[in-house]
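Those protein sequence lines, which keep their order, are chains A, B and C. Using this note's numbering, the first residue of the first sequence is number 11, and each one after it goes up by one. Using this note's numbering, the first residue of the second sequence is number 23, and each one after it goes up by one. Using this note's numbering, the first residue of the third sequence is number 7, and each one after it goes up by one.
Simulated from the structure, these hints should not be mistaken for laboratory data. As the structure is a prediction and not an experimental result, all values here were calculated from the model. Treat the hints with care, since some could be wrong.
What follows is a list of derived Cβ distance ranges for each label pair [said to hold, decoys possible]:
| id | chain 1 | residue 1 | chain 2 | residue 2 | range |
| --- | --- | --- | --- | --- | --- |
| 1 | B | Arg169 | A | Glu257 | 49 to 57 Å |
| 2 | C | Gln60 | B | Gly35 | 33 to 41 Å |
| 3 | B | Gly33 | A | Ile285 | 31 to 39 Å |
| 4 | C | Phe215 | A | Lys281 | 55 to 63 Å |
| 5 | C | Leu43 | B | Gln248 | 48 to 56 Å |
| 6 | B | Leu44 | C | Val54 | 35 to 43 Å |
Positions of the beta carbon are idealized from the N, C-alpha and C atoms, including for glycine.
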Amino acid sequence: MRILKALGLTLLATTLSVGVASAQEKTIKIATEGAYAPWNFTGAGGKLEGFEIDLANDLCARMKVKCEIVSQDWDGIIPALNAKKYDAIMAGMNITEKRLETINFSRPYASGPHGWGVLKGSPLEKLAGQGQRLSLDKDPDAAKKMIEDWKPMLKGKTVGTQGSTVNAQFLEKYLKDTVTIREYKTTEQHDLDLAAGRLDAIFAAHSSLKASTEKPEFKDMEIVGGAISGDVLGRGVAVGLRKDDAELKTMFDQAIQAAITDGTVQKLTQKWFKIDMTPQT
Amino acid sequence: MQQLSYFELVGFGPNGWGWALLTATGMTIAVATCGFLAGAIVGTFVAWGKIGGNAPVRWLADGYTTILRGIPDLLVIYLFYFGGSAALGAIGSLFGADGFIGVPAFASGAMAIGIVSGAYQAEVFRGAYQVVSRGELEAARSVGMHRWLMFRRIIAPQVLRYAIPGLGNTWQLVLKESALISVTGLVELLRQSQVAAGSTRRPFDFYITAAMLYLVITVVSTYFFQRAETYSLRGMRRAS
Amino acid sequence: MDFAFMQEAFLRLIAGVPLTLNLAFTSIAFGAIFAMLLALMRMSNIKVLDWPAQAYVFVFRGTPLLVQIFLIYYGLGQFRPTLDALGLWGFFREPYWCAVLALTMNTAAYGSEIIRGGLQAVPHHQVEAARACGMSGFLLFRRIIFPIAVRQALPAYGSEIILMVKATSLASVITMMEVTGLAAKMISQTFRAVEVFVVAGVIYLVMNFIITRIIMAIEWWLSPHLRRPPAIEPRLEAAHV
Numbered sequence: 011m012r013i014l015k016a017l018g019l020t021l022l023a024t025t026l027s028v029g030v031a032s033a034q035e036k037t038i039k040i041a042t043e044g045a046y047a048p049w050n051f052t053g054a055g056g057k058l059e060g061f062e063i064d065l066a067n068d069l070c071a072r073m074k075v076k077c078e079i080v081s082q083d084w085d086g087i088i089p090a091l092n093a094k095k096y097d098a099i100m101a102g103m104n105i106t107e108k109r110l111e112t113i114n115f116s117r118p119y120a121s122g123p124h125g126w127g128v129l130k131g132s133p134l135e136k137l138a139g140q141g142q143r144l145s146l147d148k149d150p151d152a153a154k155k156m157i158e159d160w161k162p163m164l165k166g167k168t169v170g171t172q173g174s175t176v177n178a179q180f181l182e183k184y185l186k187d188t189v190t191i192r193e194y195k196t197t198e199q200h201d202l203d204l205a206a207g208r209l210d211a212i213f214a215a216h217s218s219l220k221a222s223t224e225k226p227e228f229k230d231m232e233i234v235g236g237a238i239s240g241d242v243l244g245r246g247v248a249v250g251l252r253k254d255d256a257e258l259k260t261m262f263d264q265a266i267q268a269a270i271t272d273g274t275v276q277k278l279t280q281k282w283f284k285i286d287m288t289p290q291t
Numbered sequence: 023m024q025q026l027s028y029f030e031l032v033g034f035g036p037n038g039w040g041w042a043l044l045t046a047t048g049m050t051i052a053v054a055t056c057g058f059l060a061g062a063i064v065g066t067f068v069a070w071g072k073i074g075g076n077a078p079v080r081w082l083a084d085g086y087t088t089i090l091r092g093i094p095d096l097l098v099i100y101l102f103y104f105g106g107s108a109a110l111g112a113i114g115s116l117f118g119a120d121g122f123i124g125v126p127a128f129a130s131g132a133m134a135i136g137i138v139s140g141a142y143q144a145e146v147f148r149g150a151y152q153v154v155s156r157g158e159l160e161a162a163r164s165v166g167m168h169r170w171l172m173f174r175r176i177i178a179p180q181v182l183r184y185a186i187p188g189l190g191n192t193w194q195l196v197l198k199e200s201a202l203i204s205v206t207g208l209v210e211l212l213r214q215s216q217v218a219a220g221s222t223r224r225p226f227d228f229y230i231t232a233a234m235l236y237l238v239i240t241v242v243s244t245y246f247f248q249r250a251e252t253y254s255l256r257g258m259r260r261a262s
Numbered sequence: 007m008d009f010a011f012m013q014e015a016f017l018r019l020i021a022g023v024p025l026t027l028n029l030a031f032t033s034i035a036f037g038a039i040f041a042m043l044l045a046l047m048r049m050s051n052i053k054v055l056d057w058p059a060q061a062y063v064f065v066f067r068g069t070p071l072l073v074q075i076f077l078i079y080y081g082l083g084q085f086r087p088t089l090d091a092l093g094l095w096g097f098f099r100e101p102y103w104c105a106v107l108a109l110t111m112n113t114a115a116y117g118s119e120i121i122r123g124g125l126q127a128v129p130h131h132q133v134e135a136a137r138a139c140g141m142s143g144f145l146l147f148r149r150i151i152f153p154i155a156v157r158q159a160l161p162a163y164g165s166e167i168i169l170m171v172k173a174t175s176l177a178s179v180i181t182m183m184e185v186t187g188l189a190a191k192m193i194s195q196t197f198r199a200v201e202v203f204v205v206a207g208v209i210y211l212v213m214n215f216i217i218t219r220i221i222m223a224i225e226w227w228l229s230p231h232l233r234r235p236p237a238i239e240p241r242l243e244a245a246h247v
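Excised from the complex, chain A in its bound form:
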């Protein structure tokens, strides 16, 4: 028994000392998904790359801290933040009311609309609103009318989306009775299933749809219909933080503001998304 106790105490002590040590060095651990191109993804050889990796490095330089970026499954990305597995999330995460109940957000560092992806030749190619971009917050009537226009064409179709995202929430709220929703763990998985023909369409962020269509492997995929944003789709992509971490929020807010002001965000979004996705304030 004595040996057991001693062993337990040593173990606990080691864990504690490791924990305390990492706190003193002022290393910030940032979690990303690593499967959400071009925001963040794992390149050949398993290295993390993408817009958010570049931005995180830039922000950390501005905040004068050491950063460690870790990959984390999307499913558990919020609980693990609250479990102090890391200190911040930069994973294409939108600010939503629902998420604000559990965590805090910095100011947004990017924003973009959401929409539909289908295979070329699909009957859904004629989905309403092509080329339009409507916000459920700024222009609710027109946006809701566009959704109504989608409904007859989408009736009875199977739509894939990533689980526990704003996209899934949007489908649940507006199109639950129209389409069959299938939830996937990653966007890569629903891309594969669309390509295999198990899905009639996918609903995702335009940025991620665009990235997929640009890959030679997915060149038979295309974006159709109008683009939509606002309401459950959130108020832009921001750094997710623990509620009690006010100090870190101030640090990130200032760094992001600086990066937006000097055009770094514009430059990086141009590099990764081919369009300017700087949030409008």
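With chain A fixed as given, assemble chains B and C onto it according to the hints.
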């Protein structure tokens, strides 16, 4: 567009995922080994509780094995992953440490596997203990051996000998279970294959490669367990 | 612990039980037939039958079920044109059938070894006695070998059934919303991992407890020879007084 051949895809060239897959295989072996060893420790104590404990201890040990064998391993892994560091964080702040006490995916995965496989290993050890002859234990006691000495000199070596085949089976279970840890984002073999499959749109090529690598680990480890079994029985008389 | 929340979680997760049981029992049923076939192939003493069966069992027992599920679901999706041409795509299109197929093929590998063990444990003298009575071929198999083998194999097959119920949780990774799938979804919405998983764990334990009891009842029913004879009531003695 020129399609990469299978060997370019999983090879070690510029577009190849070979190194990534090999590193991930190493991770699979590492997490499975740690989980297996953790399970051996847990299993030893649980088996001890079942054999020598008083009523409440026995009841606890039985409850543990029943519960762990009745709920899906995936659930246990999720529980450890999400619940584990929340609990550790709470303990930490109790001791006044305000730092980040996060359990990394590796540790929580190994722990989850340890807890699950501990239930199986406990049964293996208990079965093996029952084969140890009562006479030897009495003899050890009569020459004045203490509990710990008796455990170290008489019980442990014999139990281990009888337990090797059972442990071999548990190891295979643990190895396969380690694939479930991919859901926590630990980049082991399956997770790496998923990532590669998603970004190259060649899921079949990668999953079949992963399956083959798992088979290789299985074959190699079966060989070692057989060697260990032969070695452990070197002093025993053959039955025929 | 917040009991109101756990009650809500219970009501949401219980909705996944039918799918969990459906997946488990469909694949156990198909798997048992396939397992029987494999066991017979292995015991046939014909190399061209024995060898593929051995290889099959080796591969399916040596690789993780999750890899098998991914291979069947996403992997075979890569060959859609071929499957289309063969008219098989309708089957592989549905995640439900992919899950059933993966689970069936997996349990068949384990089940075949259990059945083989059961068949090999049939005492030789019983077979000889049956032969002496003039039984042979299918009649011998149906009346003597099969019932005895089933009785021998049932405890191990019972554990396999429990393992399968647990294994259905992996179907959640290919979009099937069974108990674990619903639990994972609920966690991502509420972020209360521990409570949700306690509830899910209890649901699985109860399911498995009931299944274990049913299997024990079948075992009892199948082995009348091991039961104690019914106690003789003391009525006769009373008559003497």
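Going through the hints against the structure:
no.: 1; hint: Arg169(B) x Glu257(A): 49 to 57 Å; verdict: holds, 53 Å
no.: 2; hint: Gln60(C) x Gly35(B): 33 to 41 Å; verdict: holds, 36 Å
no.: 3; hint: Gly33(B) x Ile285(A): 31 to 39 Å; verdict: holds, 36 Å
no.: 4; hint: Phe215(C) x Lys281(A): 55 to 63 Å; verdict: holds, 57 Å
no.: 5; hint: Leu43(C) x Gln248(B): 48 to 56 Å; verdict: violated, 29 Å
no.: 6; hint: Leu44(B) x Val54(C): 35 to 43 Å; verdict: holds, 36 Å
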